[in-house]
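Colleague: Use these hints to put chain B onto chain A, whose structure you have.
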Amino acid sequence: MSRAETSHAAASRAETSRAEATVLRTGRRPQTAAGFLALFRNELHLTFRRLRTKVLLGILAVLPVLIGVVVKLNTDSPHEGGGGPSFIAQTTQNGLFLVFTALAVALPVFLPMTVGVVAGDSVAGEAATGTLRYLLVAPAGRTRLLAAKFTAGLVFCLAATAAVAVAALATGAALFPLGEVTLLSGDTIGLADALLRAVLVAGVVAVSLAGLVAIGLFVSTLTGSGIAAMAATVGLVITVQILDAFPQLDAIRPFLFTHYWLSFSDLLREPMYWDGVLKDLGLQAAYVAVFGSAAWARFTSRDISA
Amino acid sequence: MTNETVTGDGLDGGVPYRPRRRVLVRAGVPLAVAAVIAAGVGLVPALAADSPPDLPSLTAEQLVAKALGSQTQALSGTVSVTTDLGLPTQLLSGAAGGIGAAAGHGGQDAGSSADPQTKLLGLLGGDRTLRVAVDGPLRQRVDIMENMAGYTVVRNGDQSWAWDSSTNSAVHLTGAAGDRHPKAPLSELPTTPQEAARQFLAASAGTTSVTVAGTANVAGQKAYQLSVKPTQSGSTVAEVRIAVAADNGVPLAVAVKSTDGSTVLDVRFTDVSFAAPAAKTFDFTVPKGAKVTEKKADEVAKDSAAKDGAAAADDAKAHGNENVNVIGEGWTAVVTAQLPGGQVEVPKGDGKHGGRGSVNPQGMIKSLGKPVDGGTLIGTKVVNVLLTDDGRVFAGAVTLPVLQHAAGVN
Chain A
1 MSRAETSHAA
11 ASRAETSRAE
21 ATVLRTGRRP
31 QTAAGFLALF
41 RNELHLTFRR
51 LRTKVLLGIL
61 AVLPVLIGVV
71 VKLNTDSPHE
81 GGGGPSFIAQ
91 TTQNGLFLVF
101 TALAVALPVF
111 LPMTVGVVAG
121 DSVAGEAATG
131 TLRYLLVAPA
141 GRTRLLAAKF
151 TAGLVFCLAA
161 TAAVAVAALA
171 TGAALFPLGE
181 VTLLSGDTIG
191 LADALLRAVL
201 VAGVVAVSLA
211 GLVAIGLFVS
221 TLTGSGIAAM
231 AATVGLVITV
241 QILDAFPQLD
251 AIRPFLFTHY
261 WLSFSDLLRE
271 PMYWDGVLKD
281 LGLQAAYVAV
291 FGSAAWARFT
301 SRDISA
Chain B
1 MTNETVTGDG
11 LDGGVPYRPR
21 RRVLVRAGVP
31 LAVAAVIAAG
41 VGLVPALAAD
51 SPPDLPSLTA
61 EQLVAKALGS
71 QTQALSGTVS
81 VTTDLGLPTQ
91 LLSGAAGGIG
101 AAAGHGGQDA
111 GSSADPQTKL
121 LGLLGGDRTL
131 RVAVDGPLRQ
141 RVDIMENMAG
151 YTVVRNGDQS
161 WAWDSSTNSA
171 VHLTGAAGDR
181 HPKAPLSELP
191 TTPQEAARQF
201 LAASAGTTSV
211 TVAGTANVAG
221 QKAYQLSVKP
231 TQSGSTVAEV
241 RIAVAADNGV
251 PLAVAVKSTD
261 GSTVLDVRFT
271 DVSFAAPAAK
281 TFDFTVPKGA
291 KVTEKKADEV
301 AKDSAAKDGA
311 AAADDAKAHG
321 NENVNVIGEG
331 WTAVVTAQLP
341 GGQVEVPKGD
351 GKHGGRGSVN
361 PQGMIKSLGK
371 PVDGGTLIGT
381 KVVNVLLTDD
391 GRVFAGAVTL
401 PVLQHAAGVN
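So the protein lines, in turn, are chains A and B.
For what it's worth, the numbering used here labels the leading residue of the first sequence as 1, then goes sequentially.
For what it's worth, the numbering used here labels the leading residue of the second sequence as 1, then goes sequentially.
Excised from the complex, chain A in its bound form (with noise of 0.2 Å):
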């Protein structure tokens, strides 16, 4: 493999943005965190630079303002609450709060979407379009590979809840009145404080999206089609959170992925309740380290045909 043939295989990637590639053509050296950051960057590219994905981001952006202003034409109208998504009461009081309606809305089933499409992705789609053989041909080594991967997709996962939350802000900010925050539990902060929670709160949202990645890095080492491994992680998330809602199921439901994932609103009470958000995290670990490696033991043993 000479340094001709890395650099031709670089160029012939050149539709999907692989030009960094060449970067790595200087034999084994991508050992080096510099080899990796070029690799990472590299695969930003790729994901953050696809029309797929602009629309996909564009998407969860909407999704608050569509929240927003039915909850805004809804105001007037006698409703009392208790019905429609959580935090509706509190939404019409302080535009903040659309922020947290919104991770709400959209962490079942919008977040988990569009991770699953760019996480499936990653691999199968390569496998698919051919251009995974000839990124193999450069020395950056599959595990590297796949670590930039994994990275890329975490990226992207507080890109879209950063999308959900900047445009559930802007919204909130524009329909409904800012300033002091009640929260959860009867206490008042000030428009400050609140805006450290929201930025935490995303933060977690993000973070909780993590075992999802991996997962989805996994089924996509498994398959060279893209669609497949698409349709695979995100038929997983719906059906993992089908099974989350069955009380019979209460021996393996503190295990499911998600079933922590709504524990943010504990950080919305005075003091912060830690409990949930902590077991989440713990449980996203362990998912990372389970299927992160086995999309390890896949990808670095399969036989890369396509």
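It is worth saying that the hints were derived from the structure and are not from the lab.
Watch out, some of these pointers could steer you wrong.
[Claimed, not checked] Derived pair list, reagent style DSS-like, types lysine-lysine, alpha-carbon separation capped at 25 Å:
| id | chain 1 | residue 1 | chain 2 | residue 2 |
| --- | --- | --- | --- | --- |
| 1 | B | K229 | B | K257 |
| 2 | B | K291 | B | K66 |
| 3 | A | K72 | B | K66 |
| 4 | B | K66 | B | K229 |
| 5 | B | K291 | A | K72 |
| 6 | B | K66 | B | K222 |
[As the list claims (entries may be wrong)] Some chain B residues close to chain A (C-beta under 7 Å, calculated; not the full set):
| id | residue |
| --- | --- |
| 7 | V23 |
| 8 | L85 |
| 9 | G150 |
| 10 | T167 |
| 11 | F274 |
| 12 | A275 |
| 13 | V292 |
Just so it is clear, CB atoms sit at the ideal spot from N, CA and C, and this is done for glycine as well.
Modeller: Below, chain B without anything else, positioned relative to chain A:
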């Protein structure tokens, strides 16, 4: 793990490529990771629940006295409440709606969702986490941490607030409430281990064997285990276990076991501190935009005095039915009442939308229960309710034969 795994491996290394073996070895890695995590999850609680502490032995009397004589005035902590009564869920939500509606009769309709009665009934179904803070007899706070919502009851002197975040509504109770009222929401169901233990200890005279059953660690505190068992036959309660802190006699956990061996109620501190909570814990200011229902203490006292007599007979209670009697005593006491026949007008659902429908209470019970000699039985793990064919209701934590005997069947 190292870069041995890069491409070209096996092509130019001169080593025969043995994919199958490598697949097997690699596949072992995630399995090992999963095994380590599973072992960790299984072992850590086992290690945390270390051996029971060594404490000087006490007699049952000494321990009960220690619990009753506890001088601890201030504490705060997290309480987990696990209930598994085996109640039909429709019945639970129906009863909650009925009680909420009944509460609405007394005062204004708005804000009934913040009424403590409705919320506390919700504690009967499933698991809840509460945060509790107490500083003396006049200042208490309970936060029920609901899914994506919160419910708070605060008492500070003669001011009491109940706040429901999901509807942004509050109930404000003012007046020189005696010990009874603002506490009443907490005394009907044991929301704190203290309250629960006190109720069980008070009910134990004569009909009960009380023993000390070893020691345990609860919420990081050394505690004695008090075992309370009914000596009367016919009770569905097998044992009540109360963990009493060795240091200060504060009850830290209460577990109720039924005769079929399952734990029906488990109230325990998962975290507790005996330092006085910060004063601001008990300050409650009305959140912006909240609907506030004002109530005077004496008005509420009157309202619920009518209700208190009929703890078990929800429907009778909701309509101020006076025909409530208690047969027997101790663990095998049976509450009996005449159930109104025919249709009863009740507000639909949670009573908030003003829709009214009619419910036939006898019909409802019959549809939920199973026919037995002399009537219809609704059986749960602890409480059994018998509706006789002539419309009387018998309820108690007793077996069916005891109910039938009380009803004069066979």
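Colleague: List in ascending order the numbers of the hints, as given earlier, that are violated by the structure.
Modeller: When the structure is compared with the hints, numbers 2, 3, 8, 11, 12, 13 turn out to be violated.
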